Amino acid sequence: GAGVSQSPSNKVTEKGKDVELRCDPISGHTALYWYRQRLGQGLEFLIYFQGNSAPDKSGLPSDRFSAERTGGSVSTLTIQRTQQEDSAVYLCASSPSDRVGETQYFGPGTRLLVL
Amino acid sequence: DQQVKQNSPSLSVQEGRISILNCDYTNSMFDYFLWYKKYPAEGPTFLISISSIKDKNEDGRFTVFLNKSAKHLSLHIVPSQPGDSAVYFCAANRNYGQNFVFGPGTRLSVLP
Numbered sequence: 001g002a003g004v005s006q007s008p009s010n011k012v013t014e015k016g017k018d019v020e021l022r023c024d025p026i027s028g029h030t031a032l033y034w035y036r037q038r039l040g041q042g043l044e045f046l047i048y049f050q051g052n053s054a055p056d057k058s059g060l061p062s063d064r065f066s067a068e069r070t071g072g073s074v075s076t077l078t079i080q081r082t083q084q085e086d087s088a089v090y091l092c093a094s095s096p097s098d099r100v101g102e103t104q105y106f107g108p109g110t111r112l113l114v115l
Numbered sequence: 001d002q003q004v005k006q007n008s009p010s011l012s013v014q015e016g017r018i019s020i021l022n023c024d025y026t027n028s029m030f031d032y033f034l035w036y037k038k039y040p041a042e043g044p045t046f047l048i049s050i051s052s053i054k055d056k057n058e059d060g061r062f063t064v065f066l067n068k069s070a071k072h073l074s075l076h077i078v079p080s081q082p083g084d085s086a087v088y089f090c091a092a093n094r095n096y097g098q099n100f101v102f103g104p105g106t107r108l109s110v111l112p
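So the protein sequences, as listed, match chains A and B. Read in this note's numbering, the first sequence has 33 at position 33, and its numbers run on one by one without any break. Read in this note's numbering, the second sequence has 85 at position 85, and its numbers run on one by one without any break.
Worth flagging that the hints you see were computed from the coordinates, not collected in a lab. Take these hints with a grain of salt, some might be off.
[Claimed, not checked] Taking lysine-lysine and the BS3-like style, the derived pairs with C-alpha atoms no more than 30 angstroms apart in a straight line are:
hint: 1; chain 1: A; residue 1: K57; chain 2: B; residue 2: K68
hint: 2; chain 1: B; residue 1: K56; chain 2: B; residue 2: K5
hint: 3; chain 1: B; residue 1: K68; chain 2: A; residue 2: K11
From a predicted model like this one, the values you see are computed outputs, not experimental measurements.
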């Protein structure tokens, strides 16, 4: 019955390294979303999954960003060759379906700092 | 190019008074709007929503007003309580896709 969980909660990495961020959605939720929030800015949509497929990848900022979801559950967001501008809080959310306007339940986020 | 704007980064209100948080949007295709509340070190939590077919939605102390012609919505909290102190995000969505667009947030401080 737990909410959305994300790991790690904090990640410090060096520029050029790859990072993987994990999201465990609420059990039974078919839709999963990734957002990022840079300091002082709003949430920026990255990608959305319905089941294991990603109908909307329009928010991924570059080809260094990729995401996958397996078993209709856990999702991993991978950032390759990290840059300092990737520093942000990465938030994952899930919802029971992908109906328009369905409430999204957010995890606590992963704070990524690229040095 | 921010499609959803919250022009007040912060707001302070006395306990018991009304808090009014404002949000403006530029995309006339948006037809569903939500408010989320976020405490430090936690993810945003859903607060209240409104569809473009309505101009008001109320849930307890929280009321959201939508003015489509002005592309403006506001969240009223009355009476404000110290536990309402948080960052409030406005978000908008179109009738297809799941690409919610969020504003930058307004930090509300309710003073006892």
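Structure versus earlier hints - violations, ascending order: Hint check: 3 fails alone, others pass.
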